[in-house]
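Number of protein chains: 2
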Amino acid sequence: MNEIKIFSPATVANVSCGFDVLGFCLDTIGDEMVIRKTAEKGVKITKIVGAELPYEPEKNVAGVAALAIMNAANPDFGIEIEIYKNIKPGSGVGSSSASASGAVWAINEFLGKPYNKQELVGFGMKGEALASGAEHADNVAPGIFGGFTLVKQLNPLKVVQLPTPSELYATIIHPQIEIKTSEARSILPKEVALKQAINQWANVGSFVSALYTDDYELLSDSLHDTIVEPHRSKLIPHYDKVKEAMLNAGALGAGISGSGPSIFSLCKGEAIAKKVAEAIVEVYKTTGIEFDVYVSKINAKGIRIINLK
Amino acid sequence: MNEIKIFSPATVANVSCGFDVLGFCLDTIGDEMVIRKTAEKGVKITKIVGAELPYEPEKNVAGVAALAIMNAANPDFGIEIEIYKNIKPGSGVGSSSASASGAVWAINEFLGKPYNKQELVGFGMKGEALASGAEHADNVAPGIFGGFTLVKQLNPLKVVQLPTPSELYATIIHPQIEIKTSEARSILPKEVALKQAINQWANVGSFVSALYTDDYELLSDSLHDTIVEPHRSKLIPHYDKVKEAMLNAGALGAGISGSGPSIFSLCKGEAIAKKVAEAIVEVYKTTGIEFDVYVSKINAKGIRIINLK
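So the protein sequences, as listed, match chains A and B.
Residues 200 to 508 in our numbering are what the first sequence lists, from first letter to last.
Residues 200 to 508 in our numbering are what the second sequence lists, from first letter to last.
Treat each hint with caution, since some may be false.
Because identical chains share one entry, a pair is satisfied inside a single copy or across any pair of copies.
[Unchecked claim] Computed cross-link-like contacts, DSSO-like style, restricted to lysine-lysine with a CA-CA straight-line distance of at most 27 Å: (1) Lys325 x Lys467; (2) Lys325 x Lys394; (3) Lys394 x Lys508; (4) Lys379 x Lys394; (5) Lys467 x Lys243; (6) Lys473 x Lys204; (7) Lys287 x Lys258; (8) Lys204 x Lys440; (9) Lys316 x Lys394; (10) Lys433 x Lys389; (11) Lys394 x Lys433; (12) Lys357 x Lys467; (13) Lys474 x Lys508; (14) Lys316 x Lys258; (15) Lys258 x Lys312; (16) Lys379 x Lys204; (17) Lys284 x Lys473; (18) Lys440 x Lys284; (19) Lys357 x Lys484; (20) Lys240 x Lys357; (21) Lys508 x Lys467; (22) Lys473 x Lys440; (23) Lys440 x Lys240.
In short, the hints are calculated from the structure, not lab data.
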C-alpha cells in the first residue's frame, strides 16, 4: 500500500445537553483526503481543493496532527497529503477536525495500526488546538470512533464510545455566516446556576441511557440545553424559527452544532429527517442568507477507506 | 390478602457525580413494615418500633405518602401501618424515603397494582416533602425501582431505571451524628463554575455508560464530585480519612450518601466490600463517635414482600 484515499466525515459536537462532552458522526458530508507514502521523511501537504488553507504543515490542522503521529512513531518514510474539502471551514460541523482526524487515521494505517482509536484522537487534538486555540476532542472523537462519543476527560484523555440507535438520522442547516469559535467561547458564562447544572447532568445521563435502550422518546426528552444555547443562539440568524420548524416537522430535538452557525436536529427515520430538511429550507430561503441543508444517517463507523493503491 | 409484611430498603442518593439525580438501592439494611387492610376507611399508624416518630398520619412520612395514594385511589377500605425502623432517621441512607416508599408500594398491592413504579414514586415523594421540605425522588426512586435510578426531572416526574452490574457491592459507614438535610442544603453554592459543571456531566454520562457495559474501571473513574462534596464533607467528622481508607482498601469510589453523614463506597465483589468495611472500622473506632458499618449487594429488585396473610 502506497496510497490511501479516505472519507473523513463531518461531526456534530455538544449535542444540546452535552456541551464539551458529547458528539456524533455524520455520513453524507465529509472531506476526502489522499495520503501517500514517500521515501523522503517528513510531512508535506501537496494539494488543497475547496478551501483556502495554508500548505505549511505547521500551520495546517491536518499537517500538525500528521506531524504529531509521525513524530511519535518516527517511521523510516514520509507522508504526502492531499485535502479535498467539502466541509466549509467555520461551519460548526467539525471542518478542522475532519482534516486532522483523517490525516492521523490514514497514517496509522501506513504504520500498521500501532495506535488505538483513543490514541488517534490524542494526535488529532493537536490539529484542533491549532484551529481553536485549545485542545478539544468533541469533534475528533466521533470522527475517529464513529457513532456517538462522550469525552469523559481530556487529561489524561478518556473517550467513551456510545451506541448508535439504528433509526437515527440528523438534519443540519449551515447558514453561511461566520462565527469564530473563540467568539462563541467568549460569550459563555463562567458560572452557571447549580439548579441548571443539575438539569443538564440529568439530561446527559438520560441521553446516554436512551442511546443504550433505543428509547427515542427519552432521547427527545433529553435534548435540552439551558446553559449554552441561550447565549450562542443569539449569534445565529433566525435560530429560534429554525429550531421551531425542526421540532414542528417531527425532529426529536434540535440545537447548535458545535459552536455554530450550523443547527442540527436528530430524527427517527429518514422520512422525518427529510421533512425537517424541507421545513428549514422554507424558513431560510426567505432570509437572503446562503445556506446548505444536509440529511444524514448517523455514521456508526467513522472514517472510511475509499480506495487503496 | 389482608396483611402484607415488607422489607423497604435503605438507599443511597447522589452517588458522587449525580447530585440530586442518581441513586441506588441497598439490600442488607432497611425497615420492615406491616400494612393491614381495615374495614374502616382512612390511614392509621398503629405501631412504630425503633424510632421516635409521630403517629398522626399527616405528620408521619409514611402516613402522608399513604394518604396520597389512598386519596388518589379512594378504595372502599382503609389501611393500618406498623413501622419497624432499622434505618435511623437522619442517617443519610433514605430513612424517611424507606417509610414513604414502603407504604405506597404495599398499598398498591392491596389496590390490585393500578399504579406503575413511576406513579408510586410520585406518591412517595409526598412523604419525602414532609421530611425535607421539598419533594425529591432520589431516594424514593431506587427504593421502588431497585438497582440504580436516574431522576431525569421532577415536574413532570420522569425516572429512568438503569442496569445493575452483578458484582457491585456497597460498603457504608453511618457515623451517629446529626446533619439536617436543610443545613446540608443551605451550605451548597448557588452557582458553580461552568468548567466544573462540564466535568460533572461528563462523569454522569460515563457513569451511566459504565452501568450498561459492566465497565468497573470506567465506573470508578466516574465517581467524582467537585461541586457538592467539598462543602458537605466538612460537616462529616473524619470524612477525608474514611474516604482515603475506602479507596486504599480497593473501593471503586466513595462519597457522601445523600446529604450525609453516612459515607458510601462502591466495590467490585463482596470480598473487597468487606475489606473496605474493616478498613473504615479501624479509622472510626478511635474517634469516640458511635457508628455502624454495612456491607450490601446492590439490590436490583427494591422493596420486597416478607410475607402475606
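Do the hints match the structure? See the list:
no., hint, verdict
1, Lys325 x Lys467, "neither (35 Å within a copy, 36 Å between copies)"
2, Lys325 x Lys394, "between (35 Å within a copy, 21 Å between copies)"
3, Lys394 x Lys508, "neither (56 Å within a copy, 46 Å between copies)"
4, Lys379 x Lys394, "between (29 Å within a copy, 20 Å between copies)"
5, Lys467 x Lys243, "neither (43 Å within a copy, 50 Å between copies)"
6, Lys473 x Lys204, "neither (30 Å within a copy, 56 Å between copies)"
7, Lys287 x Lys258, "within (18 Å within a copy, 64 Å between copies)"
8, Lys204 x Lys440, "neither (40 Å within a copy, 57 Å between copies)"
9, Lys316 x Lys394, "between (36 Å within a copy, 26 Å between copies)"
10, Lys433 x Lys389, "both (18 Å within a copy, 26 Å between copies)"
11, Lys394 x Lys433, "both (23 Å within a copy, 22 Å between copies)"
12, Lys357 x Lys467, "between (29 Å within a copy, 21 Å between copies)"
13, Lys474 x Lys508, "neither (40 Å within a copy, 59 Å between copies)"
14, Lys316 x Lys258, "within (24 Å within a copy, 58 Å between copies)"
15, Lys258 x Lys312, "within (26 Å within a copy, 67 Å between copies)"
16, Lys379 x Lys204, "neither (30 Å within a copy, 64 Å between copies)"
17, Lys284 x Lys473, "within (25 Å within a copy, 58 Å between copies)"
18, Lys440 x Lys284, "neither (30 Å within a copy, 56 Å between copies)"
19, Lys357 x Lys484, "neither (42 Å within a copy, 39 Å between copies)"
20, Lys240 x Lys357, "neither (31 Å within a copy, 58 Å between copies)"
21, Lys508 x Lys467, "neither (38 Å within a copy, 49 Å between copies)"
22, Lys473 x Lys440, "within (18 Å within a copy, 58 Å between copies)"
23, Lys440 x Lys240, "neither (52 Å within a copy, 55 Å between copies)"
Checked against the numbered hints given earlier, the structure breaks hints 1, 3, 5, 6, 8, 13, 16, 18, 19, 20, 21 and 23 and satisfies all the rest.
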